[in-house]
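Going down the list, the protein sequences come from chains A and B.
Heads up: the first sequence runs through residues 828 to 1204, numbered per our numbering.
Heads up: the second sequence runs through residues 104 to 437, numbered per our numbering.
Just so you know, not all the hints are guaranteed correct.
With a straight-line cut-off of 27 Å between C-alpha atoms, the simulated DSSO-like cross-links for lysine-lysine are [unchecked claim]: (1) Lys320/B x Lys1019/A; (2) Lys211/B x Lys174/B; (3) Lys320/B x Lys1010/A.
Honestly, the hints are just simulated from the structure, not real lab data.
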Amino acid sequence: MVPPERRTRKQFLPIAYFTANFAGTVCCGMRHRRARAKGHPNRTSRKRISPFRTFSGDLTIWWFSPRTQRVRDTQQLNQACVQELIHRQLPQGGWPFTTGTTQSAVEPTALALLALPSNLVRERDAAIRLVLHTQNANGSWPAFSGDDGGGSGLTGLALFALNRCGAQGIVGHRAVEWLLRTKGWESHWLWKWKFRTSDRHVRFDPDKFGWPWMPETVSWVVPTAYSLLALKHARGISQQDLAKLRIRRGVEMLYDRICPEGGWNAGNGVVYGFPLAPHADATALALLSLQSEPPNHFITSSLDWLERRAETCFAPWSLAWAILALDTFGRPTALLTDRLSSVVDNAEVNDCAALAVVSLALRRPAGDNAFRVAYET
Amino acid sequence: MKLDRRTLLTASLGLAAGASTAALLNRPKYDVTRRQPRSRVATLRAESYSYNLESILYSGLELFHLDVRGKTVLLKPNLVDYIPRNHINTHPLLVCAAVECFRRLGAKNVLVGEGPGHQRDTELVLLESGFSEQLHQLKVPFVDLNRDELVATPLLATFTGMNFLWLPRTVLEADFVVSMPKVKTHHWSGVTLGMKNMFGVVPGAKYGWPKNILHWKGIQESILDVCATVPVHFVIADAIVAMEGNGPLNGNPRPLNRIVLANDPVAADATCARLMGLDPTRITHIRIGAQFLGNVSTERIDQLADAVCVPTNPFDVVPEFQHLWVTGSAEQDS
Chain A
828 MVPPERRTRK
838 QFLPIAYFTA
848 NFAGTVCCGM
858 RHRRARAKGH
868 PNRTSRKRIS
878 PFRTFSGDLT
888 IWWFSPRTQR
898 VRDTQQLNQA
908 CVQELIHRQL
918 PQGGWPFTTG
928 TTQSAVEPTA
938 LALLALPSNL
948 VRERDAAIRL
958 VLHTQNANGS
968 WPAFSGDDGG
978 GSGLTGLALF
988 ALNRCGAQGI
998 VGHRAVEWLL
1008 RTKGWESHWL
1018 WKWKFRTSDR
1028 HVRFDPDKFG
1038 WPWMPETVSW
1048 VVPTAYSLLA
1058 LKHARGISQQ
1068 DLAKLRIRRG
1078 VEMLYDRICP
1088 EGGWNAGNGV
1098 VYGFPLAPHA
1108 DATALALLSL
1118 QSEPPNHFIT
1128 SSLDWLERRA
1138 ETCFAPWSLA
1148 WAILALDTFG
1158 RPTALLTDRL
1168 SSVVDNAEVN
1178 DCAALAVVSL
1188 ALRRPAGDNA
1198 FRVAYET
Chain B
104 MKLDRRTLLT
114 ASLGLAAGAS
124 TAALLNRPKY
134 DVTRRQPRSR
144 VATLRAESYS
154 YNLESILYSG
164 LELFHLDVRG
174 KTVLLKPNLV
184 DYIPRNHINT
194 HPLLVCAAVE
204 CFRRLGAKNV
214 LVGEGPGHQR
224 DTELVLLESG
234 FSEQLHQLKV
244 PFVDLNRDEL
254 VATPLLATFT
264 GMNFLWLPRT
274 VLEADFVVSM
284 PKVKTHHWSG
294 VTLGMKNMFG
304 VVPGAKYGWP
314 KNILHWKGIQ
324 ESILDVCATV
334 PVHFVIADAI
344 VAMEGNGPLN
354 GNPRPLNRIV
364 LANDPVAADA
374 TCARLMGLDP
384 TRITHIRIGA
394 QFLGNVSTER
404 IDQLADAVCV
414 PTNPFDVVPE
424 FQHLWVTGSA
434 EQDS
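Produce the complete structure using the sequences and hints provided.
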């Protein structure tokens, strides 16, 4: 055995590295148990950055490497998010937007359904039953339980979530029919004429239309993105002529309403000749719905904008959507995931929809992205 | 001319039908009257956003002898989006000053609630506009009205033709609602003040981002329906730095160095419009609101603090609203 004073640097470093990682892991585990005992599942783990993370190559011991540690911490945090989601699930199977209310809403329910791992059979089944039960007679989904039956712009999201869970069936066909029937009002000849002649302050082409938030209004980016995701992913549907036409119109609408610097906001790029600023969440959703489109400058400029915006974003909802979209297009997201971990580790996320998207984003380091989908060609 | 029985009968029926139609058309479109005999407005001078705002605001509120003891007070600021360097939102220091003042006045609970109409990520707007930090320091709860529990609420006016709106439970259960607008011009409605600010209680979770149904039903009409249904008990308008031009997002800052307080939303909006150099009687929702929600005439408004000065240069507005500018010195009051 070599005396300690005779050890070379190369021999010493792996031992120090191993010791530091082991100590960190033990501390992290204790902290995790303490936080759990306090009943704060959102605060169960904390990102620990090893002082030796700059070393790599020969010195990396895979099960204690910084990257593995980060992935495991992220996974622990994700498990805490999932536990919190289960805790917030209503007896009927759905989720409300915020804690303390009992009115289940479609957006948090559909996103939570996507976030729940497949081994949580009971919770997923309850959620699926609720989503199926709340479908309107016309095939659409309401915005929340008790809403009127006209339909909402979240129908696409509900259908996409059911589809990802393999629970589509007849319900899905009715939803697809509703989506194919529903258009933004700018597609109507009367309003088209109005927007072309008298009402020209908003720059857009009314021939390019998508889906509205609710019937009798014009198209907006988020419901269009959700509907495109659903239609493109609905098996056996996307190749039908009408579906192909609506998908094409929806994609054209997104390209038409893009902000001059790239990215999307609620739905208008230019008003009164003034360029409007994009939003991270709307941009991410639009990009996710365009993932099967051929690469073009609209997508590239929006990805570039989203990357820049995400660098200064600390809000869980926007940051999580940005991670999902950037990851889908192969852009690096490790640092963003670290930041998201630290943000949600230090503050409670009250919004169930945001918590679900955070959980989906934290699954990304494990190679799982619920919004990266293989489309029919 | 010979008048036979048949002609007489036909003419009578025609007259009766005409009278019925006229009566239906002239029937008031509101089921509520909140107009007081007189309204009170205080225009306070405030040079900048500082921690001194609390004392200025408290001295102004004392003029109104408000009784909020034991009540739940909901402060409804104007938060639309966050764009660096654009004065879009009610300033967080003014909102925090209002929180402290209502606590000093004995309110049981003071909440801050808003449902941004443009940006879906309310948390992002709160973080980046500095609200999160300020509200956290004061330990005051914030309610995202876009995502609150919703209650179907019959409308107390029918200007839009809608029968009911889904409204947040927090708003309906508040005892005292304070509208805290940013004084701004607006490219669709001319101005956005205390009454238009109440669009923020209409939930995005149901009506989307933006709340486009209100645009399609008519912005002026929707303002009247919402304000008839959700009573605005008090207004604290942020006119320290206002916005002119292409509001509500991309206008230019215009310092007025004023805070406007009022116990009547119509009187508050009329006073703010006058401060902007605009004629309130030419703004549809203020003019019609004066029939049942409050007072617009200066003869019915008691000015409790500084007098209202009409600026020599009115606020810049988009071309469609240049008819709102006060012409000459004689302002027409209704």
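Evaluated hints:
A threshold of 27 Å between alpha carbons decides the hint, and for Lys320/B with Lys1019/A the separation of about 17 Å falls inside it, so the pair holds. The suggested pairing of Lys211/B with Lys174/B holds, with an alpha-carbon distance near 5 Å, which does not exceed 27 Å. Under the criterion of a C-alpha separation no larger than 27 Å, the hint pairing Lys320/B with Lys1010/A is consistent with the structure, at around 18 Å.
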